[in-house]
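Novice: From first to last, the protein sequence lines are chains R and E.
Its first residue numbered 61, the first sequence is counted upward by one per residue in this note's numbering.
Its first residue numbered 0, the second sequence is counted upward by one per residue in this note's numbering.
Among the clues, some could well be false.
List time: in silico DMTMM-like cross-link candidates among lysine to aspartate or glutamate, alpha-carbon distance up to 20 Å [unchecked claim]:
1. R:376 - E:68
2. R:106 - R:340
3. R:460 - E:38
4. R:460 - E:96
5. R:376 - R:340
6. R:460 - E:69
7. R:196 - R:340
8. E:18 - E:89
9. R:460 - E:72
10. R:106 - E:31
11. R:196 - R:96
12. R:196 - R:180
13. E:18 - E:58
14. E:18 - E:96
15. R:460 - E:65
16. R:376 - R:350
17. E:18 - E:31
18. R:196 - R:350
19. R:460 - R:372
20. E:18 - E:91
21. E:18 - E:93
No wet-lab data here; the hints were simulated from the structure.
For clarity, every value in this text was computed on a predicted model and none was experimentally measured.
Here are the chains, one letter per residue:
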Amino acid sequence: MTTVIVGAGHGGVQVAASLRAEGHLGPVVLVDGQEDFPYHRPQLSKEFLGPGAGAAQPLRSRSFFTDQEIDLRLGTAAVALHPAERCLEFSDGRTIGYTHLVLALGSTVRNLQVPGVGLDGVARLATLTDAARVRKRLATARHVVLVGGGFLGLEIAAACVGAGRAVTLVEPQDRVLTRAVAPAVSDAVQRAHTQAGTVLRLGTGVERFVGRNGRIQAVILADGSEIPADLVVVAVGALANSGLAERAGLAVDNGVLVDPWLRTSDPAIFAVGDCASHPDRERAVARRVECVQNALDQARHVASTITRGIGEPYDKVPWFWTHQFDLRVQTVGLGFADDVCVVLGEPDEASFSVCRFHHDRLVAVESVNRPQDHIAARRLLSRRLPPDLPEVGSAGFDLKSHELSTRGAA
Amino acid sequence: MPSLTFVLPDGTRRTVEGKAGLSVMQVAMAEDVPGIVAECGGNAMCATCHVYADAATADRLPPVTDVEDEMLDSTASPRTSSSRLSCQVDVEEDWGDTTFVVPDTQL
């Protein structure tokens, strides 16, 4: 009953830990191509970049893996998977057989296809090695340019502004976080950045990077303007690391496709976290969710299935957070572009929540400096008894009071 | 050297050395104290590092901030007047012996 887990990020480590917590007795082998001891990722784009920040925070202690008899093999890249033989092959030619395999492959930063992207000083941030490189470069940089106005780009921009650098963020859409959150939330994030000194260049893309002696000097935008730069970080979205699965013939479409129990098209193989595309709980679509909570909850679910057999389908409501300047943004549920939005609280004072509805049903809540709303919404959405649109739109409605008043109803 | 005793749900006690500057959560994670999950890595975003400070210990801790207060409302085990998020409590050099009770569940 050997379980092999590929990828020692948040999801992979949690699968291993939960297997032992569930009482799984067989061998557990956790492999990763990286050499770094498993670490927390969210801080890499935030405080880790700042001056005086220490080492990355380990996900578990070293003794945890030995005590729990988890065979952690770092620097061991899986290059091929043979589902018919239930066998995984490594770069050094060795192989390992498995009863169950869990793919926790993560995601990679999308490439930007423009001239000059290979110049020294044009970086990306997906791993600890990347983050350490950006931090080192940031220590001597004066002008930093972020390409991409998603959560990652904005967090790095905030860290660079915090380090006292001149920071410009370039985003081709006319606002930041277009796909991720409602306009009211992205407005609040934009205001916070503008006030702190981030220069936002919206509605224009990068034409090319120019340098001297192989080193970045400036970014040329589509509108012809030139921004001086001695450090550029490209953060234009992520792609699932699904190559291993695809080459093995597993079903892949924007991530490794899994069923409601997180099984791939081969039932002995599971996929969790950023690399997995699973059926949405609200709508008839497959979705890939990139956040720590999703990786951890899916990991726990798979460990339970492997140990105890098939039970309930995976059904956790995703939640996510980011922290930039004085803003604590917390989201729960997943919105779609056509959602109806109701704003609660005070957007002008950066303390509010956006409730998102699909056919009058509350499907997501995005909160800015309103942890009480976020916690209430997490409970309401988990219980599957969320308030409807007329209720939330009525005068004096408050998520926390509503949640308290409906306890026990489920 | 400050000392931290964690009382686990099964009643066993784990005493570990604290290090000033680290949070109680970080000390617990480094020492493999079971029952501290710390899903968000110490940002007061998940409330899965909940502990109960014993009476003598509570007096030595910094006050609960607004953010910690709100997040404590979402703990999986019941919140009491001694509830703290261990990621929001930094160990102090002059603490002496402290005791934290680990709740039954964090999820």
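Novice: None of the hints should be skipped; say for each whether it holds.
Specialist: Hint by hint, here is what the structure shows:
Straight-line distance between C-alpha atoms of residue 376 of chain R and residue 68 of chain E comes to about 25 Å, which puts the hinted pair past the 20 Å bound. A hinted pair counts as satisfied when its Cα atoms are at most 20 Å apart, and residue 106 of chain R with residue 340 of chain R does not qualify at roughly 30 Å. A threshold of 20 Å between alpha carbons decides the hint, and for residue 460 of chain R with residue 38 of chain E the separation of about 23 Å lies outside it, so the pair is violated. The straight-line distance between the Cα atoms of residue 460 of chain R and residue 96 of chain E is roughly 38 Å, outside the 20 Å bound, and the hint therefore fails.
Of the supplied pair hints, the one linking residue 376 of chain R and residue 340 of chain R holds, its CA atoms being roughly 10 Å apart against a limit of 20 Å. A distance of roughly 11 Å separates the Cα atoms of residue 460 of chain R and residue 69 of chain E; the hinted pair therefore holds under the 20 Å criterion. Under the criterion of a C-alpha separation no larger than 20 Å, the hint pairing residue 196 of chain R with residue 340 of chain R is inconsistent with the structure, at around 40 Å. Of the supplied pair hints, the one linking residue 18 of chain E and residue 89 of chain E holds, its CA atoms being roughly 9 Å apart against a limit of 20 Å.
Proximity of residue 460 of chain R to residue 72 of chain E is assessed by CA-CA distance (about 10 Å); at most 20 Å being required, the pair is judged to hold. For the given pair, residue 106 of chain R sits about 25 Å from residue 31 of chain E by alpha-carbon distance, which is inconsistent with the 20 Å threshold. A hinted pair counts as satisfied when its Cα atoms are at most 20 Å apart, and residue 196 of chain R with residue 96 of chain R qualifies at roughly 18 Å. Under the criterion of a C-alpha separation no larger than 20 Å, the hint pairing residue 196 of chain R with residue 180 of chain R is consistent with the structure, at around 13 Å.
Annotation: proposed proximity of residue 18 of chain E to residue 58 of chain E holds, straight-line Cα distance about 19 Å (limit 20 Å). Only pairs whose Cα atoms come within 20 Å are accepted, and residue 18 of chain E paired with residue 96 of chain E is accepted, the gap being roughly 12 Å. Pair hint residue 460 of chain R plus residue 65 of chain E holds up; C-alpha atoms about 15 Å apart against a cutoff of 20 Å. With a C-alpha separation of about 14 Å, the suggested pair residue 376 of chain R and residue 350 of chain R falls inside the 20 Å cut-off, and the hint holds.
Proximity of residue 18 of chain E to residue 31 of chain E is assessed by CA-CA distance (about 15 Å); at most 20 Å being required, the pair is judged to hold. With a C-alpha separation of about 26 Å, the suggested pairing of residue 196 of chain R with residue 350 of chain R is violated against the 20 Å cut-off. Annotation: proposed proximity of residue 460 of chain R to residue 372 of chain R is violated, straight-line Cα distance about 29 Å (limit 20 Å). About 8 Å separates the Cα atoms of residue 18 of chain E and residue 91 of chain E, which keeps this hinted pair within 20 Å; it holds.
For the proposed pair residue 18 of chain E and residue 93 of chain E, the alpha carbon gap of about 11 Å is at most 20 Å, so the pair holds.
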